[in-house]
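The listed protein sequences derive, respectively, from chains V and E. Okay, so the first sequence: first residue is 356 according to this note's numbering, each after it adds one. Okay, so the second sequence: first residue is -6 according to this note's numbering, each after it adds one.
These are computed hints drawn from the structure, not numbers from a lab. Please note: incorrect hints may appear among the correct ones.
Stated by the list, open to error - To give an idea of the chain V side of the interface with chain E (calculated C-beta under 8 Å), a few residues:
{"id": "1", "residue": "Arg371"}
{"id": "2", "residue": "Leu376"}
{"id": "3", "residue": "Thr405"}
{"id": "4", "residue": "Glu409"}
{"id": "5", "residue": "Ile411"}
{"id": "6", "residue": "Pro417"}
{"id": "7", "residue": "Phe424"}
{"id": "8", "residue": "Gly425"}
Unchecked claim - Residues of chain V placed beyond 10 Å of chain E at every Cβ, according to the derived structure:
{"id": "9", "residue": "Arg373"}
{"id": "10", "residue": "Val380"}
{"id": "11", "residue": "Thr391"}
{"id": "12", "residue": "Ala406"}
{"id": "13", "residue": "Val413"}
{"id": "14", "residue": "Leu416"}
{"id": "15", "residue": "Leu421"}
{"id": "16", "residue": "Phe433"}
{"id": "17", "residue": "Cys437"}
{"id": "18", "residue": "Ala438"}
{"id": "19", "residue": "Thr439"}
{"id": "20", "residue": "Cys441"}
{"id": "21", "residue": "Cys446"}
{"id": "22", "residue": "Val449"}
Quick reminder that beta carbons are idealized off the backbone N, C-alpha and C, glycines included.
So you can see what is in the structure, the chains are spelled out below.
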Amino acid sequence: MKHDKAKLQSSLRADRFRNILLSCVLSYVVARLVVTDAGLWHPSLPADATALGEIIAVAGLPAMVLACFGMRTRYRGFTMVCATGCVAVLCLVVLA
Amino acid sequence: MRETPMRETLRTRMGWLHAWVGFICGLVLTCICATGTLAVFDTEITRWMQPEIRIPTGTSPTDTALDAAAARVREQQARGVFAFLNLPSARAPALEILHYDGHEFVGDTLDPRTGALIATRATTGGKFFYNFHYSLRGGGTVGVGIVNILALGLLVAVGAGLIIHLRALVPDIVMLRLSGSRIRAWLDAHLLAGVLFMPFTVMMAYTGILVHADTILPAHLHVMTAPRARATAPPAQPAPLRPVMTHMRPLLDTARARLGGRDCGFILFLPDRLSISASDASGPFLTRDHVDFSLPDGRLLGTTVTRRPIAMTMHLIHGLHYARFAPPSLRWLYFMSGLGATAGIASGLVLFLMKRRRHSGHRAEFRVAEGLTIATIVGLPVGILSFLWANRMLPTGLPGREGAEITVFFFTWAACAMHGTLWSGIARPMRGWREQLVMVAVLGCGLPVLDATCTMAALRASPVLHAGIDGMAALFGLIALYSLVRLYREPVG
């Protein structure tokens, strides 16, 4: 935790609040993309494919929120979730 | 007041997240968890709330009763009610002709020996708790969505809690210092309940979200985006209802054989055919496998059995959440684990307030939060017990009786919320806690007496059922009494 600096409590609270909001929005968008990708993955069985997407997305959503919010050092959490989102967008482009 | 600079670490960030997400979601999650725990025994609670049904468990339906029930279903369908026939099971010995009223499946109860209608008191029974725990009773899709978001919040809070206590996970299980300081004792209790029941809590939250995942993660299926050619076509006329000319028994025997020996759960009567589905109690996979017969002759049309891996995985997820396959011992384990999970969340709410009382106890937000916590932890049991009392106290022939029971529940709960907030608002929250604990103690310990006074015949017919529900109510009454004594010994606030 060398990179963290001491902050005043009020600014810390505001910073945390902003971060959790951003983490939730970003993680939710990625989870939605995963479900959409999964639905396109198996066109003959869309319901099953979507169910698989939901199984993955629901498990991944809290993990992504925690990673985004917790891994502050060099924004590793945000970077990881954004990378996952980019992969999901690419899959969407390929599968659509 | 001068603020002190704080160093931000992973633990402090996760601590903040655990506390705030846990508290905000926990206020409603405690109610969801508590009612979900009661829903484990929803059928038994319904039987307790309908003491007029005195059919011994294990009574198999006679041919006469099945045919009479089938005729009655068709009669209701002719009147525009989409009814179906629910077959007797080990938990519910009566034949039921049910339809969905927008909240629960309700309808007539028939004697499986004669097929005669049993005049029971109108009640939503245990289904009310089931309905409340996943849709906040009448919340519809919005309610289900809110519950799912809260369950996601629970998973986030559990994850954050896990990160905070990762190094001390095992010691936390064996550490309970009730004789230490108040805050230490509550923290130990929270950790014990949280860690011990964490696998169950995570499993139930995860499977619960997946049951209605489409409310928060809607799918964009191809079928939805396909051109809507049919949408412009004129609506088709409903097919005429064909009579049921065949006997039910041979169809049930055939269906049982075609479903691999699994018991039959319910029969759907469609206009030109009937569909017999496997019982939910027949295994951990909650499938909708069914056998179809044509009407009116009862000719076998086909069997639908799901074997696709992803579909089977979803069936298992549903089965694990609903636990309809569970024998009584496993059902009790679900119940106890549910209570443990509820206690874990509730103790977290108390801890949140205790930690902030010194610095923020004077603030209006804190007082509202404490009032809501009182309403959640003590007011909800008062509401639940009032609901059970109302079942015995309201006249059996009262019009709209089931609605009246629910009104009693919500009215009592709202009164508790107001009472708690009032005492908290004038900086005397302990009085709110104490008075509502007295209510729980009186209502809980009084329920067995009321039950014995009002329904002695039913108590004699099903002593185990009544002993179980009355005993649990009395146990909660005694726990409330014990908590009350502890609060009087250590007066605070």
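Hints versus structure:
1. Arg371: 6 Å, holds
2. Leu376: This interface hint is violated because 12 Å lies over the 8 Å limit.
3. Thr405: Constraint on threonine 405/V satisfied, holds at 4 Å.
4. Glu409: Holds: closest Cβ of chain E sits about 4 Å from glutamate 409/V, inside 8 Å.
5. Ile411: Result: violated, 10 Å to nearest chain E Cβ.
6. Pro417: Where the cut-off is 8 Å and the nearest Cβ of chain E is about 4 Å from proline 417/V, the hint holds.
7. Phe424: 6 Å, holds
8. Gly425: Holds. Min distance 6 Å.
9. Arg373: Given that every Cβ of chain E is farther than 10 Å from that of arginine 373/V, nearest at about 13 Å, it holds.
10. Val380: Check passes; 13 Å lies beyond 10 Å.
11. Thr391: 5 Å, violated
12. Ala406: Non-interface label on alanine 406/V violated, nearest chain E Cβ at 5 Å vs cutoff 10 Å.
13. Val413: 5 Å, violated
14. Leu416: Incorrect as stated: the minimum Cβ-Cβ distance to chain E is 6 Å, not above 10 Å.
15. Leu421: 5 Å, violated
16. Phe433: It holds; phenylalanine 433/V is separated from chain E by about 14 Å at its closest Cβ, greater than 10 Å.
17. Cys437: Per Cβ check, cysteine 437/V is outside 10 Å of chain E; nearest 19 Å; holds.
18. Ala438: Non-interface label stands for alanine 438/V: nearest chain E Cβ at 20 Å, farther than 10 Å.
19. Thr439: Per Cβ check, threonine 439/V is outside 10 Å of chain E; nearest 15 Å; holds.
20. Cys441: 19 Å, holds
21. Cys446: Given that every Cβ of chain E is farther than 10 Å from that of cysteine 446/V, nearest at about 13 Å, it holds.
22. Val449: At roughly 16 Å from the nearest Cβ of chain E, valine 449/V sits farther out than 10 Å, so the non-interface label holds.
When the structure is compared with the earlier hints, violations turn up for hints 2, 5, 11, 12, 13, 14 and 15 and for no others.
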